[in-house]
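Put the two chains together into one complex; each comes in its own frame, and the hints tell you how they fit.
For the protein sequence lines, the chains are A and B, in the order given. So the first sequence is numbered by this note's numbering: it starts at 156 and just counts up by one. So the second sequence is numbered by this note's numbering: it starts at 264 and just counts up by one.
Treat the hints loosely; a few may be bogus.
Label-pair restraints from in silico Cβ distances [claimed, not checked]: (1) A/K236 <-> B/Q429: 16 to 24 Å; (2) B/D351 <-> A/G242: 39 to 47 Å; (3) B/Q374 <-> A/S157: 48 to 56 Å.
Non-contacting residues of chain A with respect to chain B, defined by C-beta distances greater than 12 Å in every case (computed) [unchecked claim]: (4) R173; (5) A185; (6) L194; (7) T215; (8) E269.
It should be emphasised that the hints constitute simulated quantities derived from the structure, not laboratory data. Don't be surprised by glycine CBs; every beta carbon is placed ideally from N, CA and C.
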Amino acid sequence: MSIKTQDYQAHIDDADGRLILSGSLRLNAAPEYQPISDLMDAACVVAQQRNPAVLTLDLTELRFLNSSGINLLYQFVLKVKKQGGLGLRVIGSNSNAWQPKSLSNMVKFMPALELVMT
Amino acid sequence: MGRLIAIGNLRTSSEIDDEFYLGLPKSLAPWDAANHVAQFLSAWLENTLKQRNFDLDSLNYVINELMENAIKYAADGRIELAVCVANDALLVSLTHPLQEAHAKIYQALAQQVFEADPDLLFAEIIERNACTSTEVQTGAGLGLVSLRQNYQAGLAFGFLQQDNSQIVQTTTQVSLPWQ
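Looking at chain B on its own, in the form it has when it is part of the complex (with noise of 0.2 Å):
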């Protein structure tokens, strides 16, 4: 049995009906994979979104956002991509493991980004790394806090311990409405 923590209104597979997957290895996945990633799926999608009238560079800097973060920070495992083409917005989930200490880091910051005022968070992140060196400065929560400022995308997180274990799948789901 698991445990499932879910912050905003995170949208399971049982209500989704169509996703594009893609799933690669950790150990697969170099940093310039983020790029490769992005680039493909916004070609894939061009003519769908096309029709909608939606952007597709800021497909293509979600996804890449997300990878990154995955690259960066996920355990060994797998990094999973759905981007599912929903009524009422497109869906952008990405699931990987995390170690737990690092899952209860990052999920006291989704909650965070959750709740926040997306320009004061920004703001109060920039201020932030102002006061530390370059080599402690982390980008952690801008990226995220940039979907909600720039991209008006709603967010949700899910994290789905197993009894016994130390690894949490964490997933972000970025909901980018329709224009």
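Pulled out of the complex, with its shape left as it was, chain A reads as follows (with noise of 0.2 Å):
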């Protein structure tokens, strides 16, 4: 399952389940990102039939994201929270200048997320 554009790829890796974001999501508003919450929810359905049932969340190569992908991030965050039984990793990147400045909120908002930045 894959979605892939000019700007920005997001596809379910085949080996090991993770859910892999690249490019640059730059979409205008939430409805935009639908796709890619799907792609999202498809993820955790993968990840649910894995033992230990964990989703990682791979961003160590998406170079922008904009205020309404930071919106999708983190409503993804609480819904995963909220629906339980599977734990969340997220992988940022330190050398992708948002990161560090907006994924470290997402242990608030998930206490047992992991957050990985490389």
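Dropping the structure here:
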């Protein structure tokens, strides 16, 4: 399952089920992010079938994310927390300037979330 | 005669020496204009900002955020962006027209963003969006809050309405302090 455009790519890795977002995401508001949200939900289903049931969200190659995209990420974290039964690991990169700033708050929304900054 | 309502320390042109202006009509501003303008200005100012050890990605994010809001919400007219290298900070100001009713909504939001604890307001907006359908979710305020929260930005706003006009010239000014 994947989405590929000129600006960004979103796909579920066949080998380990991680959801990888890469490129530059600047979509216009929540409805345009719906396909990515749907892919995130699909990645949860895949991860729940694994042992341990942990979804890894790999953002290391996501160079830019606008505020609507940040909303998407945090809505996803809240959804995973609310549903329960699934761990969430988010991998970011300090080389993407927005990530240390914007990802660090995720653990406040979901204390069990594992945030790894490379 | 017009009436100016200011929120925060809004610096006007008379207080600023050198500014880089870029203006375009709303009608010629598709969604990806935000990216193009942000990339252009970041490249234009690269040498100046590198001398001050300033993070170009921060400027890119700020300009993109302001431009996206303008493209989404501005009434017909011009979107005008100004960037000033001041002694104490990098100032980014974006002015565009808003219908009076929209300007009132934005003014209330601006007041809230200006006054609130950014971490608490960020959480409030995220939680509020979680309770609304995707179609009506709005990032209104989230981008502005993130500027305060993650970029230590100072924010100021101006709302200028001429007599007998239903258009309000709205300015959002972001002050990014030098490190």
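- Range hint 48 to 56 Å: satisfied by the CB atoms of B/Q374 and A/S157? The hinted range 48 to 56 Å is violated for B/Q374 and A/S157, with Cβ atoms some 43 Å apart.
- Task: Decide, holds or violated, for the assertion that all CB atoms of chain B are farther than 12 Å from the CB of A/A185.
- Result: Nearest chain B Cβ is 4 Å from A/A185, so the label is violated.
- Item | Hint check for B/Q429 and A/K236 - Cβ pair distance inside 16 to 24 Å | violated, 44 Å
- Item | Beyond 12 Å from every chain B Cβ - status for A/T215 | Holds: least Cβ distance 15 Å, greater than 12 Å.
- Query: Taking the closest pair, is the beta carbon of A/E269 still more than 12 Å from chain B?
  - Reply: For A/E269, whose nearest Cβ neighbour in chain B is about 20 Å away, the distance exceeds 12 Å, so it holds.
- Taking the shortest Cβ-to-Cβ distance between A/R173 and chain B, state whether it exceeds 12 Å. holds, 24 Å
- Quick one: are B/D351 and A/G242 within 39 to 47 Å, going by C-beta? Holds: the Cβ-Cβ distance is about 45 Å, inside 39 to 47 Å.
- Item | Minimum Cβ distance from A/L194 to chain B greater than 12 Å, as the annotation requires | holds, 14 Å
In this structure, the hints that do not hold are numbers 1, 3 and 5, in rising order.
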